[in-house]
Each structure stands twice: as C-alpha cells, then as structure tokens.
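Novice: So the chains spell out like this:
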Amino acid sequence: MLSLTLKSALSQLREGKTSAKELCEKCIERAAKLRELNALVTETFQIARSQAEHAAAGYSVGSGEPGPLAGIPVAVKDNFCTKGVRTSCASHMLQNYAPPYNATMVQKMADGGAVLIGKTNLDEYGMGSASVESIYGATRNPWKYRFSHRNNVEFENQVEQSNNGPDNENNDLYTSHPAMRGYKGSLSERMGDKNYTDWHVAGGSSGGSAVAVASGICFGALGSDTGGSTRNPASYCGIVGLKSTYGLLSRHGLIPLVNSMDVPGIFSRSVDDAAILLNCLAGHDVFDSTTVPDEYNPIHLPDDISVKGLHIGIPKEYHAPGTSADVIDAWRKMADMFDNAGAKVSQVSLPHTQYSILCYSVLCCCEVASNMARYDGIEFGLRTNDMASTEQLYADSRHKGFNDVVRGRIFAGNYFLLRKNYERYFLKAQRVRRLISDDFRTVFNNGVDLLLTPTTLSDAPRHDWYVQEDNRTRSVQQDVYTQPINLAGVPAVTVPICLSCNGLPIGLQLIGQHFGEKQMLLAAKWMEQQCCFPSLNLDFLDQIP
Amino acid sequence: MRLTLKTLKKFGVIYYTRVVRCYSSQSKVPDKPTWIPINPLQLPEVPPLDKELINHLERLSLVEFNNVAGVERLAKAIESANQLYMVNTDGVEPLDSVLEDRNLYLRDDIVCEGNCRDDIMSNAVKTVEEYFVAPPGNIPLKKKDDGPA
Amino acid sequence: MAAPLNKMRTEIVCRLCGKISRSFVHRPLLRCQPKRHLRKHNNQSREKWKGVVGLEIHAQIATSSKLFSGSATHFGAPTNTQVSFFDAALPGTLPVLNRGCVEASVLTALALGCDINRVSKFDRKHYFYADLPAGYQITQQRQPIARLGKVQYVVYDPAVNKYPVQTVANLTQLQLEQDSGKSLHDTDEGQSLIDLNRAGVGLMEIVTEPEFTSGEDAASFIKELQLILQVLGTCDGKMAEGSLRVDANISVHKQGEPLGVRTEVKNLNSIRSVAKAIEFEIERQICELERGRSIANETRSFDPEAGETVPMRDKEKILDYRFMPEPNLPPLHLYDDKSMPEGVKPSDVISIDAIQKRLPELPNQMRERLQGQHGLTLLQAALIVSEEGLVRLFDDVICDSKRNPQTVANFLSNEYLSLLNKRDVSVIESPVRSAVIGEVCDMLENSDISLKIAKRVIEEVFDDPSQSAADVVRENDWRQITDEEELEKLCQQIISDHPQRPSPGNKIKSGQPDQVWITPCPDNKTKFAQEQVWTTRQSSHKKTKSRQKDYVRRQHVEGRSHVFRTTHSSGACRACYLDIYFTLFPLTAQTVSCGHLWKEFQGSCYFYDYGTNTPEAANELCKETHDAHLVKITSEEENTFVGKLVSKTTLPISWIAAKRSESGEWKWIDNGENVTFKAWALKKKSVFNCAGIIYSDLTGASWVSLNCDLYYCGFVCER
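Residue numbers (the working numbering), protein chains in the order written: chain A, 1 to 545; chain B, 1 to 149; chain C, 1 to 719.
These are computed hints drawn from the structure, not numbers from a lab. The C-beta atom is built at its ideal place from N, Cα and C for all residues, glycine as well.
Just some of the chain A residues that point at chain B, by a computed CB distance under 10 Å:
{"id": "1", "residue": "Val345"}
{"id": "2", "residue": "Gly377"}
{"id": "3", "residue": "Asp404"}
Below, simulated PhoX-like cross-link-like pairs (lysine-lysine); rule was C-alpha separation at most 25 Å, straight line:
{"id": "4", "chain 1": "C", "residue 1": "Lys50", "chain 2": "C", "residue 2": "Lys162"}
{"id": "5", "chain 1": "A", "residue 1": "Lys344", "chain 2": "B", "residue 2": "Lys32"}
{"id": "6", "chain 1": "C", "residue 1": "Lys338", "chain 2": "C", "residue 2": "Lys357"}
{"id": "7", "chain 1": "A", "residue 1": "Lys420", "chain 2": "C", "residue 2": "Lys125"}
All chains, please: the whole structure from these sequences, using the hints.
Specialist: Below, the structure is given as structure tokens:
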C-alpha cells in the first residue's frame with residue numbers, strides 16, 4: 001500500500017478501497033519503524049489522526065467533493081512554519097520555537113485535506129547538500145540501508161504521549177529527540193549497529209523529506225530549493241523532485257535562506273503526483289510580493305504523451321569535472337531516447353555555467369548575513385542570560401544558536417557587503433547572475449523548449465566519505481548542476497532514471513522555461529514512462545512487528 | 001611555481017583542462033568535461049585579514065569567529081569569490097530580482113493584522129508586563145563640555 | 001560677607017570662550033548666562049564663520065495601516081497590540097507594500113517640486129538595535145521614489161531682519177522607509193522595555209541639501225514643511241507626538257575654506273528645539289575651533305531644559321550599514337499617462353498624473369494669492385498661512401464681500417489668534433463662525449466698536465456660539481458713541497447729576513478720596529474716552545509730611561493711559577505730554593463713604609472678613625453684620641482689585657458669590673443670574689461647585705473652584 005503513488009492512493013480513497021484513517025495509521029507505523037533513518041524530527045501523529053478523521057468524513061456519501069489531497073499523508077520540511085508545532089530549522093536557535101501561523105504552502109495542503117505526518121530533517125537553515133548538518137543528526141538514505149530489526153513497540157507508547165509543541169524543558173540533544181524518548185542508550189546505539197558507518201547520505205538540504213517519500217512514510221512532501229536542495233536529495237533517493245518557477249509558489253512562512261532564489265520544492269513518487277501537488281499549491285499569495293498575480297491553470301498530464309517535435313537542448317557545460325560515468329551514460333542514453341522518439345536534440349551552450357556556483361556562494365553568504373540578523377533572542381529564539389549590553393546578549397545567543405556553517409556564512413557575507421567590497425563582490429556576483437540568466441533566455445529564445453542535464457555529479461555518496469571535507473567545499477562540488485537554475489528562476493524537475501553500478505538511484509534534470517511547467521512535466525512523465533525506474537519498496541518492513 | 005595539477009588543487013582549483021573533443025556522432029552529450037581552467041595567478045590576491053578587520057566583522061555580524069579556523073574559512077570564501085574576476089561584466093546591469101519586469105503587488109490601505117499580542121509574545125523568553133526586554137541601549141550621557149582651565 | 005542675593009557681582013566664566021569677568025551679573029532666577037556677553041560673542045564670531053546645516057526629516061505617513069504590514073498605526077495604542085507577525089520579524093514573514101503609502105509619498109514629492117523616479121528600489125540597512133527586530137531597516141538608498149526638489153519658504157527673525165525674507169531650500173531626495181519600535185529605558189532594573197507598536201509604520205525621509213546657515217533658517221523651513229504636509233494630509237506634523245522628527249547635520253567653516261567635520265544632532269521634537277539646538281551647536285563648534293580643538297564626527301542629543309547638545313553614549317556611530325537590495329520586493333514601477341502599459345488595470349498600479357490632479361493649494365501658493373489678490377504684505381500673508389485653517393477662515397470672511405482685507409488680516413492674525421492661544425484651541429476647533437468674524441470686522445471698519453471691544457465680543461461668542469456679534473454688542477451696550485451731540489448731552493447729564501463741583505483752579509487737598517473725573521478727550525483725532533469712575537488713591541502716609549502725589553489714570557480707546565496730577569484742572573499727561581483740559585466734579589450723591597477699613601472701588605465698598613465654610617454662610621454674615629452681600633465680580637478691574645485686597649491678608653483666598661447649578665452653569669447665589677464674567681485659573685472643567693478668588697504675582701487675580709463644604713476661607717463683602 002505504501003509503495004503506491006499519490007494518484008493511486010487518491011483513487012483508492014475515492015473508490016472506498018481504503019480509508020483515510022487506515023492510510024494514516026499505516027504511514028504512522030512506517031514512520032515509527034524507520035526512526036533510525038532520522039527523516040522526521042517532529043512527529044505530528046495526533047494531528048495526523050485528527051486530520052485523517054476529518055478527511056474520512058469528507059469521503060462519506062453526501063458530504064460534497066473531498067479536497068484534492070484529502071486523506072493523503074504528507075510531510076513538511078522543518079523550515080516551513082506550522083502553527084503551534086515546533087519549527088526548528090534543525091538549529092539550536094529555533095529549537096523551542098513554535099510559530100503562531102501556518103506557512104501558505106502548509107495551509108494550502110491542509111485546506112486540500114492532506115494529513116501531516118511530521119516535520120522532516122534538514123541541514124541547519126538549509127545550508128548544506130547532504131542533510132548532515134543538523135542538531136538532530138544526519139538523515140540516512142534508505143537505499144542500500146541495513147535496517148535494524150529492533151522491536152519498536154515500547155517507543156510507540158512514548159510517541160502516543162509525545163508533545164508536538166516546543167520542548168522547553170530539555171535541551172539535551174539526544175533525549176529531546178522524539179525517537180529517543182525513554183531510551184537510555186546513545187543515539188548511535190539506537191540507530192542500529194554503532195559500527196555501521198557506510199550508509200549513504202540522503203542529499204540536501206531537504207534530505208528528510210526525500211527520505212520520507214522514498215521510504216513510504218508519506219506520499220508527498222514539501223521541501224525548499226535554493227541551490228538544488230530539492231532536486232539533489234530527490235535524485236539520491238530515487239524520487240521525483242520538482243522546483244517550480246520563482247514566483248509560482250508562495251514563500252510566506254518558509255524560513256528563508258536566499259530570498260531571491262528560494263522556491264518551495266515538491267517531492268513525490270511520480271510526475272503525476274508532482275502535478276497534483278503543484279495544482280494544489282500554486283497561485284498568487286497576498287502575503288508574498290514575489291508571487292505573480294497571474295491566473296494559474298491547473299496542469300493535467302495525459303497518459304499518452306508524444307515528444308515528437310520537442311526541441312531538447314544538451315548544454316555542453318553541464319559536463320563538469322568529477323561527474324561519474326554512470327551519470328554521463330544515463331544522460332547520453334536519455335538524449336538518444338529523445339532523439340529516437342522524434343524529438344530534436346541539439347547541443348547548446350550556457351557559457352557562464354562554470355561560474356554560477358561561485359556567484360551563488362557570494363550571493364548566498366550575503367543574503368544569509370542579512371536574513372540571520374533577526375535572530376537576537378529578544379522576540380523569539382534562543383536567549384542566554386547575559387544582560388550586560390545588547391551586543392553581548394546578541395553575540396552570546398547567536399554563538400550558541402548557530403553552528404559553524406551558519407556563522408561562517410554570516411561572517412563571509414558581511415565581508416562581501418562592506419562598503420569597500422560591495423562593488424567588487426556583491427555587484428560583481430549580481431552581474432554574473434544576469435549573464436547566467438541571459439544564457440538561459442538566449443537558449444530558449446533560439447527555439448529550444450527544454451534542457452536535459454544531469455542532476456548530481458554521481459549517485460549518493462557515502463557518509464564517511466562526505467564528511468571528510470567541510471560544508472563549503474562539498475556544497476561547491478555537489479550543487480554545480482542545480483543552482484544555475486535558481487539563479488535564473490526557471491523551473492526544473494529531476495526524474496529517477498536508473499540505478500548506478502552501486503545500486504543507487506541516478507536522476508536526470510529537465511529545465512523548462514519561465515512558467516512552462518506543463519511542457520516540462522509532460523516531457524518528464526514521458527521520461528518516467530520510458531525508464532520504468534525500480535522504486536524503493538520497503539513493504540517488507542510491514543511484516544516485521 | 002609550476003602550474004601543475006597539484007598546484008591547482010592546492011589553490012582550491014580542481015578543474016583541469018581538456019579541450020572538448022568530438023563526441024560520438026549520435027550523442028550530443030560531451031564525452032569529457034568542458035570547463036576551462038582558471039589560472040590562480042590571474043586572480044586578485046586575497047587581502048590580509050588583520051585583527052582589526054576581523055574585529056570589525058565580528059562587531060557587524062555579532063558572531064564570534066575570531067579563531068584560526070574561522071579566518072581560514074573566510075580566506076577560502078574570498079579566494080573562491082575572486083574567481084568571478086574571470087568573467088567580463090562590462091556594461092552588464094546587476095540583477096536584483098528575476099521579477100524585475102513585473103509590477104510590484106500593492107496592498108490596499110486597510111487594517112487586517114495586529115491585535116495578536118499573545119501570539120507575538122508566545123515565543124519570547126523574557127517579557128515584562130506586555131513589553132519585550134532587552135539590555136540597556138542608547139542612553140545619552142549628560143557630559144559637560146570642557147570649560148576653561 | 002555675603003552680598004544680597006538678588007543682585008551680586010561675582011566672577012563668572014563664559015562657557016563658550018572661557019573669558020572671566022567680574023562684570024557679569026548673577027541673577028538667581030536665570031541660569032548663569034552672561035547674556036550681553038554672549039550676544040557680543042555671537043556677533044564677533046559670526047562674521048568670520050559660516051554655519052552649514054543639512055536636515056533629515058522623518059515624517060510618519062498618515063495611513064491606516066503600516067508600510068509593509070496590515071497592522072494599525074494609531075498613536076497611543078496599548079503596548080504591542082499593533083504588531084503583526086512581520087513587524088515582530090518572525091521568521092518566514094515577508095513585506096507587502098501599502099499602496100496608500102506610495103500615493104502619499106508621490107503626492108508629497110510632487111508638492112515639494114521633486115522629480116519622481118519611474119523605477120524605485122528598496123534596500124536593507126543593517127544595524128543591531130533592540131527596537132529593530134529584523135536587524136535591518138527596509139529603506140530606499142540607491143533609487144528612492146523622488147529626487148531633487150525645491151521648497152519656497154519665509155524666514156522672519158525680528159532680531160535679524162526687519163522684514164520677512166522669502167527663500168528657497170533644495171532637497172536631495174525623498175524616500176520611503178520603515179519606522180523602528182520604541183524602547184523605554186528602565187535604569188533601575190538595567191534593562192530596556194521594547195514596544196513594537198511603532199515598528200514598521202511608514203516614514204517619508206526628506207533629505208535637504210546642506211544649505212541652511214542658522215537655526216532660525218532651518219526652523220522656518222521645518223515650519224513650512226509642516227504646513228505643506230498638513231495641507232496635503234499625508235502627515236499630521238505633530239512633532240510632540242513624534243509624527244515629524246528632525247535630525248540636523250551641522251558643521252562650521254570659514255569663508256573660502258573647505259567644509260568642516262559635521263556632527264549629527266537628534267532628538268529635536270519641536271520647532272523651537274530645532275532653532276535652539278542648531279544655534280547652540282554652531283556656537284559650540286565655533287568656540288571649539290577657535291580654541292584650537294577639533295570637532296568629532298559624533299551623534300549628539302538635544303537637552304531642551306539645558307538648551308544644550310550633549311554627546312549620545314552609544315556604540316560608536318555605525319559607519320557601515322552594509323546596504324543590500326531587498327530581495328522580497330521587486331522594483332516599484334510608477335507610470336504617467338503616456339507610459340502606462342496596455343492591459344494593466346489602473347487599480348494595480350500607481351499613476352503619477354492622477355495624483356498630480358489631487359494636489360491642493362500649497363502654502364506658498366496661498367501666500368502669493370493673498371498678496372496678489374488681496375494686497376496683503378508678505379508678513380501678513382505669512383502669519384495667516386502659518387496657522388492651520390486660518391487661510392480658509394480668511395477666505396470665508398472675505399468671500400464675496402467688500403471687506404477690507406487689511407482689517408480682516410490684522411484682526412485674525414493678532415486679536416483672534418491671541419484669544420485662541422489663551423483658550424488653547426486651534427483655529428479648526430474654534431466654534432466662532434466666519435460670519436461672526438465678518439460682522440466684527442465690519443463693525444471695526446465702521447468704528448462701531450473699538451478693538452478691545454471686538455476682542456470681548458469674540459470671547460462672548462466663543463462662550464456662546466449661537467450669538468451673533470450684533471447681539472452681543474447690543475446686549476452689553478458696547479456700541480461706541482461717535483455722535484458729538486449725543487456725547488455732549490451725556491456730559492451735561494452727568495454734570496447736572498453732580499452739582500457740587502469746585503471751580504477750576506481749586507486745589508484739591510491730597511487725602512480727599514471723593515473725586516470723580518470725567519474727561520472729554522480734546523483731541524479730535526482720537527476717539528472719545530469711555531466713562532470710567534475712579535477714585536483717587538487714599539494717602540495714608542501720616543509719618544511723612546511730604547505730599548503723596550495722587551495720580552489718576554484715564555483709559556483712552558487706544559489703550560494708552562495718561563498720568564497727571566489731580567490738583568490741577570489742566571495739564572499735560574506725564575507719559576505722552578498730551579494736553580488735557582478737564583473739570584473736576586466732586587461726588588455727592590454718588591459719594592460712597594465706605595467707612596473705616598472698607599475699601600472703595602468704582603462706587604462700591606469692599607471689606608474683607610475672616611473665615612467661613614460655605615459661600616452661603618459668608619453671604620449671611622455679610623448681610624447681618626455689614627448690611628452687604630458676598631462679593632460678585634463682574635469685570636476684570638474689579639477682579640484685580642478684589643484679588644489684591646485678598647492677597648494682603650493672612651488667609652488669602654475668598655469665597656465669591658458664584659455657584660454651579662445642576663445644569664452646569666455658574667450662577668450668582670443671590671439672584672440666580674448667570675455669571676458672565678469669569679476668570680478661572682485653569683481651563684479644565686473641575687468637579688467642585690463653589691468658587692473662590694486668589695491672587696498671585698505671576699498670574700494675577702484668578703478664580704478657583706472649591707469644594708463647597710470643605711474649605712475655611714475668608715470672604716469679601718460688597719455694598
């Protein structure tokens with residue numbers, strides 16, 4: 001049941017073959033069994049149950065049309081504000097923060113009838129490419145994962161009573177985690193064998209959401225995408241990750257990383273599911289001045305798709321050093337498939353691609369320095385006891401609240417924003433950004449409909465390899481294919497294509513034109529139909545008590 | 001210094017040069033990486049990050065980063081950013097927002113928010129009556145100007 | 001040996017230049033300020049140095065909601081109730097621009113003669129402060145909504161120029177920005193309490209070129225700006241409430257030399273403070289430079305009590321705000337009719353031309369019109385325009401009538417305004433209708449009433465707006481008698497009523513109180529004197545044989561009093577040397593022999609007695625003991641006389657025979673008539689229902705309301 005797509009689950013609910021409550025319980029059970037993957041940082045099972053009841057009432061005869069997502073369990077990245085539910089951004093600064101409002105995306109999903117299973121893990125404040133920089137620990141990729149067979153019944157009892165609100169009393173990292181309540185051992189003991197270190201990263205920064213969808217904890221999830229934070233983990237976890245055009249989805253309630261590039265991302269098991277979620281979420285929001293007021297036409301994807309006449313561009317700069325052979329092979333094969341199906345495939349050039357990651361780094365650091373200025377502990381957030389002076393209190397609270405990555409980016413960002421450096425770095429980066437954006441515009445104006453590129457350099461790397469380098473280096477390496485899209489604001493979707501020779505998923509990215517999601521998703525669905533990717537199926541866990 | 005692969009790696013430039021060769025006549029995907037190398041000697045130097053600058057930055061950011069690792073991290077970030085100088089941006093306007101050609105949405109002048117004091121203050125650690133609390137700030141001192149001796 | 005306090009010569013040090021002198025006089029009532037020396041000081045320094053002042057004015061936009069959020073903007077709301085999630089900088093919240101604020105700023109920019117930028121952008125200005133929750137302020141640094149601009153205004157400093165001077169100020173830019181919250185400093189607990197009600201309110205920042213040279217210059221500009229904003233309705237301009245705040249950047253330099261280091265002065269919350277602070281700072285900088293010291297680039301605050309600027313203790317002036325474009329707000333496009341794109345709904349965008357059409361008449365245009373159309377001088381026009389609502393009143397009064405604009409203008413800007421100031425009411429709040437003012441001006445023009453009576457008429461109408469001016473004059477018989485025959489008849493009547501009169505030349509011995517004087521004014525050009533009954537002052541100096549000279553005053557219509565000796569039947573006034581011929585008439589039937597210890601005044605006798613608890617009891621006592629009644633005060637002169645009488649006693653407060661009725665009106669307790677003349681000390685309505693009179697040197701004789709049964713006061717009997 002939990003390996004179905006969202007679309008199939010919806011039709012089963014509509015036909016009455018299963019009920020919303022049953023589906024919800026199954027997902028909760030799966031979530032409880034997979035705590036070792038560390039996908040969820042806050043479990044909202046009680047909320048899910050009450051929402052499922054409400055959705056079930058919607059399906060009963062005579063109650064009118066149920067919502068587009070009625071009864072579907074979903075998960076939300078922990079940087080979307082959820083009213084009354086802790087929203088921590090995986091940071092000590094917001095560890096006890098419960099927003100008084102729902103993000104627009106969360107509200108729309110709730111209005112559509114979706115059922116919230118929990119808040120998912122991420123890199124702190126979205127800064128990272130593997131979901132390892134979190135106060136709750138790293139998220140693990142379920143692919144090739146050696147699951148432990150512990151009996152999880154005693155933890156379920158604790159979960160029943162678990163408080164979904166802010167945890168004020170206990171700041172201890174391990175015991176405050178819902179997975180650890182009542183357990184007297186250490187986190188790594190709980191998380192299976194402590195010698196087990198060669199698990200693979202989930203990708204980031206929305207790794208938790210990707211793992212939640214891939215492992216059957218939910219049918220769809222929200223992430224955010226600033227430099228590839230949705231597409232990267234989607235590719236590593238073998239699911240569909242959609243980043244829409246900047247301005248289509250509202251960012252109200254999404255705790256920002258880089259305001260000019262952030263887009264809420266959608267995780268799903270199929271392209272159809274992504275379209276259903278997008279239709280529910282898209283549209284103008286009066287609380288966000290960067291959403292476009294244009295009327296949104298819902299996307300319906302037929303099953304029978306032809307790509308004849310479609311012009312696919314292959315940007316030559318998207319073969320970056322360090323790309324694995326598997327990825328290049330998959331890319332080549334898909335290009336050939338398009339060619340054979342009647343699409344026009346040509347090589348194009350986006351000459352400034354190589355510099356986009358540097359441009360992104362500068363702009364990201366500057367925006368981070370600015371966005372993090374509000375965390376002073378006065379109105380919300382971590383606050384120490386230093387009352388000597390304002391500066392001392394702020395510095396102390398921010399030191400304890402932020403990890404090294406965040407502090408490093410704030411520092412660098414302020415350096416770039418100094419009056420003497422503003423022209424040299426910030427304005428320079430903005431000029432390069434315009435060149436990159438113009439590259440896309442030129443290519444699309446020359447008749448290209450879509451661009452086909454790899455999503456990541458390789459399949460999901462191992463955790464012990466990944467942590468050998470610092471966060472900044474890894475981000476520069478891992479985001480090369482995904483972040484130019486954010487600089488230009490165009491939409492992109494990653495579709496899982498095949499397994500690498502290591503048995504891990506490889507995805508390919510389709511880049512569309514501004515507000516051209518329909519065309520892009522049509523081609524993506526076609527790709528999905530051609531590839532018949534073997535999705536992860538963890539239904540065997542249901543047999544284990 | 002000889003420009004070898006090792007040197008380039010040392011300076012954080014991990015790219016290597018290979019000219020794009022002919023790929024298979026069928027596939028448009030290039031066989032080899034296509035990025036051009038960046039000669040670190042052509043880049044501007046990282047200016048010295050002296051104590052005064054670090055203290056100034058700490059003051060502006062209100063984060064403590066005055067340790068060796070922190071300064072090194074900053075130096076690497078600057079070095080990386082210096083590679084942007086390889087791009088010619090003459091006559092190019094900076095891009096603030098990808099929505100710059102659209103009209104900014106304007107809200108009508110009506111009161112539709114506020115009156116939610118409890119919500120606003122629910123996450124504050126320290127409050128006094130209905131005020132937020134902060135350490136003392138900006139209080140003018142009554143300092144007499146210097147009179148004659 | 002200690003010298004007498006009130007005047008002692010001592011060594012005083014000039015706080016500006018350090019000069020020590022014995023000749024400075026120490027006056028305990030004033031602070032130690034060698035004023036004459038200062039003035040001399042200023043004059044010498046000013047010739048060499050030139051002050052350079054630039055202003056940054058923050059005007060709160062008078063919209064219902066804030067600049068980027070939908071919370072309200074009322075002044076004085078309960079703490080933290082006008083705060084939305086965005087104002088508290090909760091993570092994930094985004095700014096949404098208020099259309100009303102944009103329209104207000106475009107309207108203001110057009111009124112100030114600025115060029116509107118078709119595309120303007122928003123920036124973040126970063127600094128940490130507790131009342132700035134986001135750690136940055138959204139402002140417009142790079143591309144503001146309007147640039148350049150010119151404002152014509154009038155500078156009038158009687159100390160400097162005899163006549164007002166019209167001049168022009170140049171503006172650098174006008175930009176939209178957010179206001180910050182308020183912090184209250186609790187020094188006892190060592191903390192600041194933050195109220196975010198004001199955080200996020202829209203501000204227009206108006207930056208001027210550094211072209212002002214003095215405090216008066218800058219203050220005149222601020223006054224003009226205040227008027228413009230009030231006329232437009234985009235800001236209420238109340239500096240005391242913080243709707244209009246001014247920061248001044250001040251430096252000095254010698255002619256021909258480069259500009260000096262500037263200091264910024266903040267906390268200027270009235271127009272007077274602006275003038276004083278700038279003057280003081282210029283003088284301070286001149287003194288410092290002349291003593292060889294340098295000026296620090298610092299922020300100073302103004303202490304209005306001390307009249308000085310003091311350094312602000314703070315982290316040092318933030319030198320780097322790290323401006324960055326605001327990524328959540330794409331650029332703002334403004335259109336005129338030509339550039340409006342097709343297919344765009346007018347409600348979605350702002351049209352500059354539509355706003356231009358809404359521009360009302362500005363103060364400068366009003367002044368030009370008053371001068372051109374009505375022939376007023378610049379000073380008159382400036383005085384009328386400077387008071388909010390007075391131009392409209394003037395226009396209403398002049399309207400289609402043929403009234404003399406000069407008369408109307410003078411009356412409005414002098415007598416009318418002084419009355420309103422005394423009552424602490426603005427022109428807009430005044431209940432006096434323009435028709436009544438018109439009537440009064442007509443009567444003045446026709447010499448039907450004097451200026452003093454005109455003022456009294458307006459006061460009466462103020463208290464009872466349903467009356468007309470003619471009614472008031474008629475009721476009180478205040479109409480001026482101008483007919484010579486009638487006046488002669490009156491004089492003959494009085495003469496015949498007073499048969500005993502000494503022949504001219506009789507000497508009246510000093511000490512004789514019973515004299516009445518009536519003097520027809522011999523000067524044909526002046527108006528006839530009003531009838532006033534005076535008595536001579538009793539001479540009671542028995543010790544000295546030297547004669548106390550008795551002086552009698554006459555009050556002419558112009559308000560001048562002439563002073564001359566009573567012993568002569570003719571003579572020249574000692575003050576103005578006007579020759580006056582008069583006749584002496586002793587009082588007979590109207591002689592009031594008041595008796596021992598009674599005081600006489602204007603035909604009535606007054607006696608002060610001690611102690612009763614209620615005015616009714618006082619009245620009874622007066623009746624039984626003295627065959628008199630408790631004092632009823634019906635004129636200003638009587639008020640002053642009774643006040644002075646009371647002040648010389650040991651219990652210097654007296655009941656008066658007035659009591660508040662149930663309807664709220666004050667009535668005399670003997671006959672129940674309404675009290676017409678009132679001289680309350682406080683304008684506020686009090687809860688007590690009885691009245692007393694007290695006297696002080698500063699405020700004169702005034703009435704206070706008292707609890708009827710609580711006070712043991714003296715009382716004055718009158719007969």
